[in-house]
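There are 2 protein chains.
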Amino acid sequence: MKKVLVCGAGGFIGGHLVKRLKKDGAWVRAVDIKYHDYVVSPADEFIKGDLRDPLFVKKIFDEPFDEVYQLAADMGGAGFVFSGENDADIMHNSAMINLNVVEASVVSKVKKIFYSSSACMYPERNQMDPKNPNCAEDSAYPAQPDSEYGWEKLFSERFYMAAKRNYKLDIRIARFHNIFGPEGSWNDGREKAPAAFCRKVAETPNGGEIEMWGDGQQTRSFLYVDECIEGVLKLMNSHYNNPINIGSDEMIQINDLAKMVMKIAGKNQKIIHISGPLGVRGRNSDNKLIKKVLNWVPNMPLKDGLEKTYQWVLKQVNTNI
Amino acid sequence: MKKVLVCGAGGFIGGHLVKRLKKDGAWVRAVDIKYHDYVVSPADEFIKGDLRDPLFVKKIFDEPFDEVYQLAADMGGAGFVFSGENDADIMHNSAMINLNVVEASVVSKVKKIFYSSSACMYPERNQMDPKNPNCAEDSAYPAQPDSEYGWEKLFSERFYMAAKRNYKLDIRIARFHNIFGPEGSWNDGREKAPAAFCRKVAETPNGGEIEMWGDGQQTRSFLYVDECIEGVLKLMNSHYNNPINIGSDEMIQINDLAKMVMKIAGKNQKIIHISGPLGVRGRNSDNKLIKKVLNWVPNMPLKDGLEKTYQWVLKQVNTNI
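Chains as they are written, first to last, in our numbering: chain A, 45 to 365; chain B, 45 to 365.
Think of the hints as simulated: they come from the structure by calculation, not from any bench. Values in this document were obtained by computation on a predicted structure and should not be read as measured data. Positions of the beta carbon are idealized from the N, C-alpha and C atoms, including for glycine. Heads up, a few of these hints could be off.
Think about it this way: if two alpha-carbon atoms lie no more than 16 Å apart in a straight line, the pair counts; the simulated EDC-like pairs of lysine to aspartate or glutamate are [said to hold, decoys possible]: (1) Lys212/B with Glu129/A; (2) Lys208/A with Glu129/B; (3) Lys212/B with Asp133/A; (4) Lys153/A with Glu107/A; (5) Lys208/B with Glu107/A; (6) Lys208/A with Asp133/B; (7) Lys212/A with Asp133/B; (8) Lys102/A with Glu271/B.
Which chain B residues stay away from chain A? Per the calculated CB distances, all over 12 Å, these [stated by the list, open to error]: (9) Ser85; (10) Arg96; (11) Gly120; (12) Asn250; (13) Met256; (14) Met280; (15) Leu301; (16) Ser319.
Turn these sequences into a full structure, and let the hints steer you where they fit.
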């Protein structure tokens, strides 16, 4: 029976990953600083603790795991990572976790480790044109991410690569592009655009007004969490050990994203544009490499994932009244 | 009486800094993972311990220091940082130290902290022409250091800057350019070019052969350690809180550096060029900013510092026979 460790199992993607790993028959040790906010983890063990603490990390790596998934990070949507107010904490907390996890993986002879990097590590200069952003894997250098969150991901990617070279650590690295879906942040200040618009549309009566940061002409792509997990597992089963995008290439204007949510909700609301943290002007996953390496690309239409997400957020909104 | 903490006090620059601080009348707590290899530290306290351990770091920050000097790092000359073999350790060890030290500085309300960054953080593209390298402070981005040692310095610089923004930590950051002098590594695999050539010339009879990595046409500048310390103290007493070069702008070919040492030694030896780790093709400190900000630049001729260094290395060589 495959023994798996999931770091960050109390978070959004980690929670979905644990479900899938259990469904696939693995023995799973889940670790996080908090229990999952929305589901009871089906993990065989859930150890609550601080991955910034080297001693705690040594303890949870007390056996040679077949696979480790390192998803733990101090992160959130634009309101959290682009405000500038959390920069030092993001760098400190996430870097400490990665430094500890890699060291413990080497010492305990982990067979294979997955690290979740982010599209936020790509340089700002290639993401100024909302209609034509470039996020090909080989466009990452010379480096100039637009956030400290992105700089930490870039540094930690390099650290995993160094451990691969120096310690033969068998690594897989994905650069996630805006993963979304049910059972994630929707109202705690760390939510991303899809969950935020689902909440705003759900909470606002038909004919009312919802707020949006910026002019809404910035573009992004969004990947539904089930397809993200599928990509991660396919990557783990492949031999590709350099950073690779896992994201959708269905790029959409943020204005259109909000309208898509309204259509799902059967509501018509007015968008009020206000100032707020924005990030880059345009971003889209470049899927040429993943197509070549895994012979697979995500293909669920955005509106299908958004439908599921809206229904879940609507339920939260109704429960929270 | 000013209370000062020196992290990395068992190292080359840290050792010289402690001497100077004591001469200037400060109370000094010195910390390092090892005692100094060549001198008995005049520090009021010398605490031996591992700065990668967050608990140890919390303990040594048990009072609000007036000044902290963070010089601790896993580092060395080209043979150590450019071989590629130590990349993961360098990143892990140095980043852990900086993450811990900044956190403890914020918590214990340190009044001012100095961080020693490095010219190794500058992008390789501006250092390809040995006659005309560009290391102006504002040439650092977009980023592409040629070593993981440089990437760690870059990441940690950004972390200190983030702590300045988010926690009002009063920081000073210098980018050191090849500091040299007596009482530093000369034969342990971490020595830099000046000490290495002093050793080779001292150990080799007149008319013999000494080895050099590369064709010797690569250029560098070297700053004598006393002037480095002078610059650090001037920076600490200034209000400038962005990264600034501390280095010499007396650029020299490595072939000429070796010949200068031979002249000091009164020897004539043949240089044998062999392959080895090299680093960038050219590097020189750009001193326009420091001149403007501190109204001071280092001005000791290279040969004067090299003379002192040679005499010290010669003594070590003779003692070690």
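Holds or violated: are the alpha carbons of Lys212/A and Asp133/B at most 16 Å from each other? Holds, because 13 Å separates the two Cα atoms, which is no more than 16 Å.
Over 12 Å to the closest beta carbon of chain A is the bar; see if Asn250/B clears it. holds (41 Å)
Taking C-beta pairs only, is Met256/B more than 12 Å away from all of chain A? holds (27 Å)
Given the proposed pairing of Lys208/A with Glu129/B, does the C-alpha separation stay at or below 16 Å? holds (11 Å)
Does Asp133/A sit within 16 Å of Lys212/B, going by the straight-line distance between their CA atoms? holds (13 Å)
If you draw a straight line from the CA of Lys153/A to the CA of Glu107/A, is it 16 Å or shorter? Status holds; Cα separation ~8 Å.
Are all C-beta atoms of chain A more than 12 Å from that of Ser85/B? holds (27 Å)
Is it the case that Met280/B keeps its Cβ farther than 12 Å from each residue Cβ in chain A? Check passes; 21 Å lies beyond 12 Å.
Say whether it holds or is violated: Arg96/B keeps its Cβ farther than 12 Å from all Cβ of chain A. Nearest chain A Cβ is 8 Å from Arg96/B, so the label is violated.
Taken at face value, is the distance from the CA of Asp133/B to the CA of Lys208/A at most 16 Å? Answer holds: Lys208/A to Asp133/B is near 12 Å, not above 16 Å.
What's the verdict on Lys102/A and Glu271/B, does the C-alpha distance respect the 16 Å limit or exceed it? violated (43 Å)
Does the claim that Gly120/B lies off the interface hold, with its Cβ farther than 12 Å from every Cβ of chain A? At about 15 Å from chain A, Gly120/B clears the 12 Å cut-off, so the statement holds.
In the structure shown, a violation is registered for the earlier hints numbered 5, 8, 10, in ascending order.
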